[in-house]
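Visitor: In case you want the letters, here they are:
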Amino acid sequence: EAGVVQSPRYKIIEKKQPVAFWCNPISGHNTLYWYLQNLGQGPELLIRYENEEAVDDSQLPKDRFSAERLKGVDSTLKIQPAELGDSAVYLCASSLGSPVDEQFFGPGTRLTVL
Amino acid sequence: DQQVKQNSPSLSVQEGRISILNCDYTNSMFDYFLWYKKYPAEGPTFLISISSIKDKNEDGRFTVFLNKSAKHLSLHIVPSQPGDSAVYFCAASSIQGAQKLVFGQGTRLTINP
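Respectively, the protein sequence lines represent chains A and B.
Quick note on numbering: the first sequence equals residues -7 to 106 in my numbering.
Quick note on numbering: the second sequence equals residues 18 to 130 in my numbering.
Extracted from the complex, chain A is given alone in its bound form (with noise of 0.2 Å):
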């Protein structure tokens, strides 16, 4: 069974440029999270769907940053404009349903902003 896919894999764009990564959840799953990771850090919480639904985005720079399921399958999570401080990795998991049940995380896309 295919994992977690996201894709890029590694981004590299100049500050106030837009940049959009993609993730692809397990088949079947409801739920879809974004997770930030700074160097040194555990992932935070971006934003939850439970199927094409935003159930908590409380933590999502709203200013800069946005994110659509739709479908309830496929997920993009976008910056725009990106600020130095957005270099991280950004985690993709999904899980059948509620957080406590166990969350299978894509790689990342790795974010350097220049």
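Errors might be hidden in some of the hints.
[Claimed, not checked] Per label pair, the in silico range of CB-to-CB distance:
id	chain 1	residue 1	chain 2	residue 2	range
1	A	A12	B	A87	40 to 46 Å
2	A	W14	B	K22	32 to 38 Å
3	A	G89	B	R78	27 to 33 Å
4	A	T68	B	V95	41 to 47 Å
[Said to hold, decoys possible] No farther apart than 20 Å at their CA atoms in a straight line, the calculated lysine to aspartate or glutamate pairs in the DMTMM-like style are these:
id	chain 1	residue 1	chain 2	residue 2
5	B	K73	A	E94
6	A	K70	A	D93
7	B	K54	A	E94
8	B	K71	A	E94
9	B	K54	A	D78
10	B	K88	B	D48
11	A	K70	A	E94
12	B	K88	B	D18
13	A	K3	B	D48
14	A	K63	A	E44
15	B	K54	A	D93
16	A	K8	A	E75
17	A	K3	A	D93
18	B	K88	B	D101
19	B	K22	A	D49
20	B	K85	B	E32
21	A	K54	A	E42
22	A	K54	A	E36
23	B	K71	A	D93
24	B	K85	B	E59
25	B	K71	B	D41
26	B	K73	B	E32
27	A	K63	A	D49
28	A	K8	A	E94
No wet-lab data here; the hints were simulated from the structure.
Glycine is no exception: its CB is placed at the ideal position from the N, C-alpha and C atoms.
Given the coordinates of chain A, work out where chain B should sit on it, guided by the hints.
Guide: Frame of chain A; chain B shown alone:
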């Protein structure tokens, strides 16, 4: 406000010995705790969990202990193997209301041959 803390950034253990990784939490609403393991360039993978109704959960070489009064949990790995070298994250949540996972900063475990 770090609700889940792993105060040891790194730990080095001899192969075959016991590895003990520690985690402290501050939020008394947390009632479900997990450990995730992460290799370089990979996402974290689930290792073991424990509910607050228990004080110990064991799975093969891995045992998690929970001390609710001290708001402390620990992961024991015995015997430690070279493949256990990774970053270990402690995470906590509240089952009621299906609250999000809150992760600690991680501890890098190195197993020396």
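Visitor: Hints first: check each against the structure and report whether it holds.
Guide: Here's how the hints hold up against the structure:
| no. | hint | verdict |
| --- | --- | --- |
| 1 | A:A12 / B:A87: 40 to 46 Å | 44 Å, holds |
| 2 | A:W14 / B:K22: 32 to 38 Å | 33 Å, holds |
| 3 | A:G89 / B:R78: 27 to 33 Å | 29 Å, holds |
| 4 | A:T68 / B:V95: 41 to 47 Å | 43 Å, holds |
| 5 | B:K73 / A:E94 | 19 Å, holds |
| 6 | A:K70 / A:D93 | 26 Å, violated |
| 7 | B:K54 / A:E94 | 13 Å, holds |
| 8 | B:K71 / A:E94 | 18 Å, holds |
| 9 | B:K54 / A:D78 | 24 Å, violated |
| 10 | B:K88 / B:D48 | 10 Å, holds |
| 11 | A:K70 / A:E94 | 26 Å, violated |
| 12 | B:K88 / B:D18 | 16 Å, holds |
| 13 | A:K3 / B:D48 | 38 Å, violated |
| 14 | A:K63 / A:E44 | 6 Å, holds |
| 15 | B:K54 / A:D93 | 16 Å, holds |
| 16 | A:K8 / A:E75 | 6 Å, holds |
| 17 | A:K3 / A:D93 | 30 Å, violated |
| 18 | B:K88 / B:D101 | 26 Å, violated |
| 19 | B:K22 / A:D49 | 23 Å, violated |
| 20 | B:K85 / B:E32 | 30 Å, violated |
| 21 | A:K54 / A:E42 | 19 Å, holds |
| 22 | A:K54 / A:E36 | 16 Å, holds |
| 23 | B:K71 / A:D93 | 18 Å, holds |
| 24 | B:K85 / B:E59 | 32 Å, violated |
| 25 | B:K71 / B:D41 | 17 Å, holds |
| 26 | B:K73 / B:E32 | 24 Å, violated |
| 27 | A:K63 / A:D49 | 18 Å, holds |
| 28 | A:K8 / A:E94 | 36 Å, violated |
Consistency with the previously given hints fails for numbers 6, 9, 11, 13, 17, 18, 19, 20, 24, 26, 28, ordered from lowest to highest.
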